[in-house]
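Chains as they are written, first to last, in our numbering: chain B, 1 to 323; chain C, 1 to 344.
Derived from the structure by calculation, the hints contain no laboratory data. Any given hint could turn out to be false.
Unchecked claim - In the DSBU-like style, the derived pairs of lysine-lysine whose C-alpha atoms are separated by at most 35 Å in a straight line are: (1) B/Lys-267 with B/Lys-218; (2) B/Lys-139 with B/Lys-128; (3) B/Lys-256 with B/Lys-267; (4) B/Lys-218 with C/Lys-41; (5) B/Lys-139 with C/Lys-41; (6) B/Lys-273 with B/Lys-256.
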Amino acid sequence: MVALSEEREPVIELRGLTKMYGELAAVNRLDLTIWRGEVFGLLGPNGAGKTTTILMMLGLTEPTSGSARVLGLDPTRNPLQIKRRVGYMPDDIGFYEDRTAVDNLVFTARLNRIPPAEAEARARELLKRVGLAEAADQKVGTFSRGMRQRLGLADVLIKRPEIIILDEPTLGIDPEGVRELLELITRLSREDRITVLLSSHHLHQVQQVCDRVGLFVKGRLIACGDIESLSRQLDEDGTVTVELELESWPDGLDEKLRGIGGVLSVKRGEGGKASVVCSADLTADIAQAAVGSGGRLVAISRRKYGLDDIYHRYFEGGEARGA
Amino acid sequence: MALDVKSLLGRIARRRDADGAAGSEQARDAAISPFWIIVQKEFSDHIRSWRFTILLALIFLACIGSIFSAVSAIRGGKLNDDLNFLFLQIFTISDGTWPNFITFVTFLGPLMGIALGFDAVNSERNRGTLSRLMSQPIYRDDFILAKFTASLLLVTVVIFALGLLVAGLGLFAIGYPPTPEEFWRIFFFLVLAVFYVGFWLNLSILFSIRFRQAATSALSSLALWIFFTVFYGLVLNLISNAIAPSSDAGVQRIINYQQTMLWLNRLSPAELFSEATTTLLTPNVRTLGPFTLEQIYLAIASPLPLGQSLLLVWPHFTGLIAATVICFGISYVMFMRQEIRSRS
Chain B
1 MVALSEEREP VIELRGLTKM YGELAAVNRL DLTIWRGEVF GLLGPNGAGK
51 TTTILMMLGL TEPTSGSARV LGLDPTRNPL QIKRRVGYMP DDIGFYEDRT
101 AVDNLVFTAR LNRIPPAEAE ARARELLKRV GLAEAADQKV GTFSRGMRQR
151 LGLADVLIKR PEIIILDEPT LGIDPEGVRE LLELITRLSR EDRITVLLSS
201 HHLHQVQQVC DRVGLFVKGR LIACGDIESL SRQLDEDGTV TVELELESWP
251 DGLDEKLRGI GGVLSVKRGE GGKASVVCSA DLTADIAQAA VGSGGRLVAI
301 SRRKYGLDDI YHRYFEGGEA RGA
Chain C
1 MALDVKSLLG RIARRRDADG AAGSEQARDA AISPFWIIVQ KEFSDHIRSW
51 RFTILLALIF LACIGSIFSA VSAIRGGKLN DDLNFLFLQI FTISDGTWPN
101 FITFVTFLGP LMGIALGFDA VNSERNRGTL SRLMSQPIYR DDFILAKFTA
151 SLLLVTVVIF ALGLLVAGLG LFAIGYPPTP EEFWRIFFFL VLAVFYVGFW
201 LNLSILFSIR FRQAATSALS SLALWIFFTV FYGLVLNLIS NAIAPSSDAG
251 VQRIINYQQT MLWLNRLSPA ELFSEATTTL LTPNVRTLGP FTLEQIYLAI
301 ASPLPLGQSL LLVWPHFTGL IAATVICFGI SYVMFMRQEI RSRS
C-alpha cells in the first residue's frame, strides 16, 4: 500500500480456482491477477461463471479447489475482513423499498460499524456524488432502474472500499443511463484510486471503460489483456481480412485476386462488395488489382478487430479451445 | 451427512476465530455491533408493517372479549368452588359465549409467530437485499439470529402488554388485587407464552429459509399449526383406540397405556403449552400423569405452592425451548449451506 509498490501490487489473485456444481464446472481452473487501481472487465455470455467467480472472491461460496487471495486474505477463512474492504454490487440489486435512499445507505454504513452521525454525512455526500441529492429522502420504491443502480454504487462506496466489484452494473438501463453510470464509475475509481472489477456481457460498454478485460467462456478464462493486445492476438491468429466495395464487380476479378500470392479466399457479398482473407496485409495489392481490372473502387479497408470481433471469435472458438 | 455437518461447524468455528482475532482491532472502536443494527431495523420494520397492526388489532379485540367473558362469568356466580386464586380466574374462566384468555393465546399466539417469521429470509432473497446484506461484514448466523431476536422481542412486548392489560382491566372489574403468588404465576404464564410463540416463530423462519416462495413457507407453517391443533388429537384418538387394553387388563398395563398416550400427546407443542398453562394458572392441578384412586385418597385437596407448580411444568419449559433450539439449529445449518445469489 506504499506509493512505491502501488504500480504493480496485486489485489486479487486467483490460482487454479474451480467450482463444481455436481458434474458441471461453473468455474474451471481459473488463473487471474488484478492489480491495484485498474478497471478490469470480466466479459462473457450469461452463465459463463462470472458471478460464481465473484462470489468465491467474497467468500459467499466456497471453491471446490484452487485458491483465491483478495487483498492478501483468503476469502474462505477471513470473509469478514475482506467484506470490510471490498464493496460488492450484485446484479439486480435490491433495496428496502419502504425506506428512503438515505436510510438504506445509513443501514449499510452502520453494518460496517460506522457511527450514526458519520454514516448520515457520508450517505448524503455520496448521494450528491452519484446525482441523487434531490431524491435522498424519497422512498426507494419510487426509484427508476437507473436511479437504483446509482444508489447501488453509493451503497458500495459508503464503506470506503479498496476494491469494488460490480456485477452487471449496466443491466436494464437505457443507453444514456449506461453512459452516465460508466462515466461515474471511471471517475470515482480515478478520484479515489479504487480498483474496479466489473462483469458484463456488453462488450461496448466494457470497451469504453476498462483498462484490461478477461474473456470468460464456460468457466474458463480464454483470453486476458487490454483490448489492443487482444486484437493483436487475433491478428496473429494468422489472417488479415480486407473488405472492398466496387460500383460493380468486373468479370475475372475473382480469379485475379486469387492469383495474388497470399490471398486465401475471396468471399463475394451483395452487389460489388467482397471480403478477401489473406495471410498478410495485402490491401494495396488488392486495390491495384481491382482498379486494374476496370472496376470503380468505392471503398477498401483492412478490417480492424474491435471487441465485437474478439468476442465472436473467441466465443465461437471457445468450445474448441476449451477442449 | 453427520460427519459433513460436523466438519461444516468446525470450519465455521475456525473462521469465526480467525475473523475475531484479526477483527478485534476494529471491533474495539465500534459503537454497536451489526447484530443489533439488524435487530433494530427488523423491529421497526415489524412495527410499521400492516401485517403487525392487523394482528395486534385482532389479538387486542380477542383479549377485551375474553375479559368481558370472564367478568360476566364471575358476576354470574360461575366461580370455581374456592375463592383462592380468584384473580387467576380472569385468565381461565369464561361464561360460555366467548373463550377465555388462555384459549386465545393458545390459538392466536402461533399465528402471530408465523406471521412475523414466514417471510423473514425468503422476502429478503426475493427483493435482492439478501446478497447485498451478505456482502457486508456480518456473520451469516448473526443475520438469522437477529431476525429471530427482533421478532421475539416484539412478541415479548406484545404478550406482556396484553397479559398486563387483561390483569389491569380485571383489577378494575372485580376490584380484587392479586397476591404476590398470583402475580408470579401470571408472570411465568406470560414467559411460557413467549416461549411458545417463539417456537412457532422459529419454525416459520426455518420454512422461510427452506422455501423460496413466501406463500409456500406461510402455508407450510400454517399446515403444521393446524395439524397440531386439530388433527393431531384425531390421530391420537385413532392410535388410542387401536392400542387400548381391554377393560379387564391389569393396573400396570392400563397405566402403561395411559403413559404411552400422554407421551405421544406431549410431542405436540400445543399440548405442552396447554398442560403447562393449566398447571400454572390453576394451582389445584396437582399432577399431570395418570394416578390411582389410592393416590387421590391419600392426597390433601389443597393448591400446590408456586415452586411445586413450576417444578411440575419444568419439563414443559425445557421441551418447548428444546424444540425451538432444534429448529434454530436446522435453520442455521441450512442457511450456512445456501449459496446467496441475487434473487434466486
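Hint by hint, here is what the structure shows:
1. With a CA separation close to 32 Å, the supplied pair B/Lys-267 and B/Lys-218 stays within the 35 Å bound.
2. Among the hinted pairs, B/Lys-139 with B/Lys-128 is consistent with the structure: their alpha-carbon atoms are about 16 Å apart, no more than 35 Å.
3. A hinted pair counts as satisfied when its Cα atoms are at most 35 Å apart, and B/Lys-256 with B/Lys-267 qualifies at roughly 13 Å.
4. The suggested pairing of B/Lys-218 with C/Lys-41 is violated, with an alpha-carbon distance near 41 Å, which exceeds 35 Å.
5. Between the alpha carbons of B/Lys-139 and C/Lys-41 the distance comes to roughly 16 Å, so the proposed pair stays at or under 35 Å and holds.
6. Restraint check for B/Lys-273 and B/Lys-256: satisfied, since their Cα atoms lie roughly 16 Å apart, inside the 35 Å limit.
In the structure shown, a violation is registered for the earlier hint numbered 4 alone.
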